[in-house]
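Student: As a plain string of letters, each chain reads:
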Amino acid sequence: DGGITQSPKYLFRKEGQNVTLSCEQNLNHDAMYWYRQDPGQGLRLIYYSQIVNDFQKGDIAEGYSVSREKKESFPLTVTSAQKNPTAFYLCASSKLTTVPNTEAFFGQGTRLTVV
Amino acid sequence: DQQVKQNSPSLSVQEGRISILNCDYTNSMFDYFLWYKKYPAEGPTFLISISSIKDKNEDGRFTVFLNKSAKHLSLHIVPSQPGDSAVYFCAAKSGGSYIPTFGRGTSLIVHP
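From first to last, the protein sequence lines stand for chains A and B. Numbering follows the working numbering, with no gaps: position 41 of the first sequence is 41. Every number in the working numbering is 115 more than the matching position in the second sequence, counting from 1.
The hints are simulated quantities; they were obtained by calculation from the structure and are not laboratory data. Here the structure is a predicted model, which means the values were calculated and not measured. Mixed in with the good hints, there may be bad ones.
Listing some non-contacts, in silico: residues in chain A with all C-beta distances to chain B over 12 angstroms [as the list claims (entries may be wrong)]:
1) Gly2
2) Lys9
3) Gln17
4) Asn18
5) Val19
6) Ser22
7) Pro39
8) Leu43
9) Gln50
10) Asn53
11) Arg68
12) Glu72
13) Lys83
14) Ser94
15) Val115
27 angstroms max Cα-Cα, derived BS3-like pairs, lysine-lysine [said to hold, decoys possible]:
16) A:Lys9 x A:Lys70
17) B:Lys171 x A:Lys95
18) B:Lys152 x B:Lys171
19) B:Lys152 x A:Lys57
20) B:Lys169 x B:Lys186
21) A:Lys14 x A:Lys71
22) B:Lys120 x A:Lys57
23) A:Lys95 x B:Lys152
24) A:Lys57 x A:Lys83
25) A:Lys95 x B:Lys120
26) A:Lys95 x A:Lys71
27) B:Lys186 x A:Lys71
28) A:Lys9 x B:Lys152
29) A:Lys95 x A:Lys83
30) B:Lys152 x B:Lys186
31) B:Lys120 x B:Lys152
Glycine included, each C-beta is placed from N, C-alpha and C at the ideal position.
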């Protein structure tokens with residue numbers, strides 16, 4: 001079955017630590033995204049990538065970094081510079097097309113908590 | 116500035132009745148609109164979409180209406196079921212972009 005897999009489902013981080021969230025897809029999608037969900041804030045775009053070895057900042061990229069070494073993988077690192085990292089993180093992917101009727105597919109999310 | 120707005124954070128409906136979730140947008144370049152459904156601690160799943168060349172799209176119990184002049188769309192669920200209880204996100208895309216812009220979501224609770 002094709003889909004997007006995020007791991008771990010729950011992650012705890014001590015203040016000052018960097019942590020990396022995994023995202024893998026086998027949908028053969030070119031575009032991948034990271035969103036952050038906070039209560040009452042909806043889904044805010046952190047980073048996105050449309051091709052291997054290339055990515056762009058979204059609306060709230062500060063304190064985060066990403067890499068895209070393989071088409072299937074788009075890991076997100078939450079660095080110690082991110083002042084409020086506790087949130088629900090969602091990875092998504094889609095076809096890279098300007099044809100409008102294509103939707104993004106989401107993983108199950110990772111709940112990150114700073115302790 | 117929010118380009119996609121869902122002004123009702125929550126909605127409570129009786130089972131069997133109609134649920135109407137509203138969404139407004141400000142970017143006139145948006146030409147494709149999507150609704151996603153999200154359960155707690157899970158990723159959103161695609162529900163239904165509509166192109167700007169249409170004013171209605173129906174899929175079973177779900178219908179999306181688009182009023183371009185008012186920059187407004189709505190999702191109707193008829194009849195509502197307790198399993199429909201979830202957060203619903205409205206999203207929009209503009210021509211030439213593959214990245215959806217999301218609203219803040221509306222939490223729907225359907226009471227038995």
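Student: If a hint holds in the structure, say so; if it doesn't, say that too.
Tutor: For each hint, the structure was consulted:
| no. | hint | verdict |
| --- | --- | --- |
| 1 | Gly2 | 14 angstroms, holds |
| 2 | Lys9 | 8 angstroms, violated |
| 3 | Gln17 | 23 angstroms, holds |
| 4 | Asn18 | 24 angstroms, holds |
| 5 | Val19 | 18 angstroms, holds |
| 6 | Ser22 | 14 angstroms, holds |
| 7 | Pro39 | 10 angstroms, violated |
| 8 | Leu43 | 4 angstroms, violated |
| 9 | Gln50 | 8 angstroms, violated |
| 10 | Asn53 | 18 angstroms, holds |
| 11 | Arg68 | 15 angstroms, holds |
| 12 | Glu72 | 17 angstroms, holds |
| 13 | Lys83 | 21 angstroms, holds |
| 14 | Ser94 | 6 angstroms, violated |
| 15 | Val115 | 18 angstroms, holds |
| 16 | A:Lys9 x A:Lys70 | 22 angstroms, holds |
| 17 | B:Lys171 x A:Lys95 | 25 angstroms, holds |
| 18 | B:Lys152 x B:Lys171 | 19 angstroms, holds |
| 19 | B:Lys152 x A:Lys57 | 26 angstroms, holds |
| 20 | B:Lys169 x B:Lys186 | 13 angstroms, holds |
| 21 | A:Lys14 x A:Lys71 | 31 angstroms, violated |
| 22 | B:Lys120 x A:Lys57 | 22 angstroms, holds |
| 23 | A:Lys95 x B:Lys152 | 20 angstroms, holds |
| 24 | A:Lys57 x A:Lys83 | 17 angstroms, holds |
| 25 | A:Lys95 x B:Lys120 | 25 angstroms, holds |
| 26 | A:Lys95 x A:Lys71 | 12 angstroms, holds |
| 27 | B:Lys186 x A:Lys71 | 36 angstroms, violated |
| 28 | A:Lys9 x B:Lys152 | 19 angstroms, holds |
| 29 | A:Lys95 x A:Lys83 | 33 angstroms, violated |
| 30 | B:Lys152 x B:Lys186 | 21 angstroms, holds |
| 31 | B:Lys120 x B:Lys152 | 16 angstroms, holds |
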